[in-house]
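Novice: Okay, here's what each chain looks like letter by letter:
4 protein chains.
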Amino acid sequence: MLPTELIDELMRFRAERDWEQFHTPRNLAISLSLEASEVLELFQWRDPRGEAMQEVLPRLRDEIADVAVYLTYLCRDLDIDLEQAVRSKMEQNRQKYPVALSKGSARNTPN
Amino acid sequence: MLPTELIDELMRFRAERDWEQFHTPRNLAISLSLEASEVLELFQWRDPRGEAMQEVLPRLRDEIADVAVYLTYLCRDLDIDLEQAVRSKMEQNRQKYPVALSKGSARNTPN
Amino acid sequence: MLPTELIDELMRFRAERDWEQFHTPRNLAISLSLEASEVLELFQWRDPRGEAMQEVLPRLRDEIADVAVYLTYLCRDLDIDLEQAVRSKMEQNRQKYPVALSKGSARNTPN
Amino acid sequence: MLPTELIDELMRFRAERDWEQFHTPRNLAISLSLEASEVLELFQWRDPRGEAMQEVLPRLRDEIADVAVYLTYLCRDLDIDLEQAVRSKMEQNRQKYPVALSKGSARNTPN
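Protein chains in written order, with the working numbering: chain A, 1 to 111; chain B, 1 to 111; chain C, 1 to 111; chain D, 1 to 111.
Note that these hints are calculated values from the structure, not bench results. Careful, some of the hints might be misleading.
Copies of one chain are not kept apart here, so a pair can be met inside one copy or by any two copies together.
Unchecked claim - Heads up, simulated SDA-like pairs for lysine to any residue below, C-alpha to C-alpha not over 25 Å straight-line: (1) Lys89 x Gln21; (2) Lys103 x Pro58; (3) Lys103 x Glu9; (4) Lys96 x Glu51; (5) Lys103 x Arg87; (6) Lys103 x Glu5; (7) Lys89 x Arg76; (8) Lys103 x Asp81; (9) Lys96 x Gln44; (10) Lys89 x Phe13; (11) Lys96 x Gly50; (12) Lys103 x His23; (13) Lys89 x Asp77; (14) Lys103 x Asp62; (15) Lys89 x Arg26; (16) Lys96 x Arg49; (17) Lys103 x Gln21; (18) Lys103 x Ile80; (19) Lys103 x Asp77; (20) Lys89 x Thr72; (21) Lys89 x Thr4; (22) Lys89 x Val99; (23) Lys89 x Ile7.
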């Protein structure tokens, strides 16, 4: 997901603060969900495009980074190969949403 | 975040189904939050470790992949460099949580 | 929030199944958040009105009920008077969002 | 859910600010989910009991009130009878989780 050297930095950041003790898979899943909500909060009352989107971008970058960080810890701690997980999920989605049936249909978008 | 070639596959998957029309930043943020909740749902009533965690892993891999997919679409559509976003957030966290003050303290864990 | 007699039924439902042991405040908060996401999931790719909303209503009623149930358990277990909590929050919102400044402005909507 | 007179106050609070325009069912569902996440955030890194729980209570009351407020707007706008919705959901749960099978088992707790 992120370059190995950056992942190592994240692991070091956590180790230096002795935070592994708080990073159970369940706690990481809670934080992942909370950070994803902070991404959504930027869109709570608006659907920004163009100029308006540019205004939101700096905070959005930070919140998206938080999601990526917790996703990285979860994958590292549980030995999940994110790239392989995405490939396998895409294969499932190809079966579930064949182009012929899904083209232009929101109903058939993954959820 | 993911190898360029895999990101291109994700973009192609979406384009073939003509789904860009549904992938506004706001809709992607909603889906990111919903998928992160599906990760958390695997931990709703339990805090699995070891053996019990192995049972959860296959579904966890799939849900984590969904989070990564929506994160990738968001970054691609908004021209967000995830690696740079994480580096900048880590820099902020280093300032906010100096080792001396944060060591072993959950209160000072990012939220 | 709900009639006392219905709240008592909820408490009995839980007691008969010996589920109080799982209903820690933290677990109830996780479930509250998961059920609220299931409400949102009904709107993941669409913004239904009129006819389309009628289609969603039966599932929406069930998901909203789940949110209300966990909210009720949380308030009961923590001795929170929901009515008083809402009155106090409204008072705060009146200060925070005076009509003169907030009228017709989404930016000034509570979040 | 709340006394009619308090619900009327909530409707008046919204009308005075001309906020109905932002309160589409979809937007209310987003806000419901965000507020439920703010409840969960109070438990992000801790599982407070007794004394520690007392510390969290004031903020918890406010966040729980926000959830109740958006739940109330949703029910009012969509003509959902929350009490009846909860009764019907409990009936479903009684079928789904018979005491004999569910007693003391987290796996069989609703999700």
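Novice: Hint by hint, which ones does this structure get wrong, listed from lowest number up?
Specialist: 2, 4, 8, 11, 16 and 18
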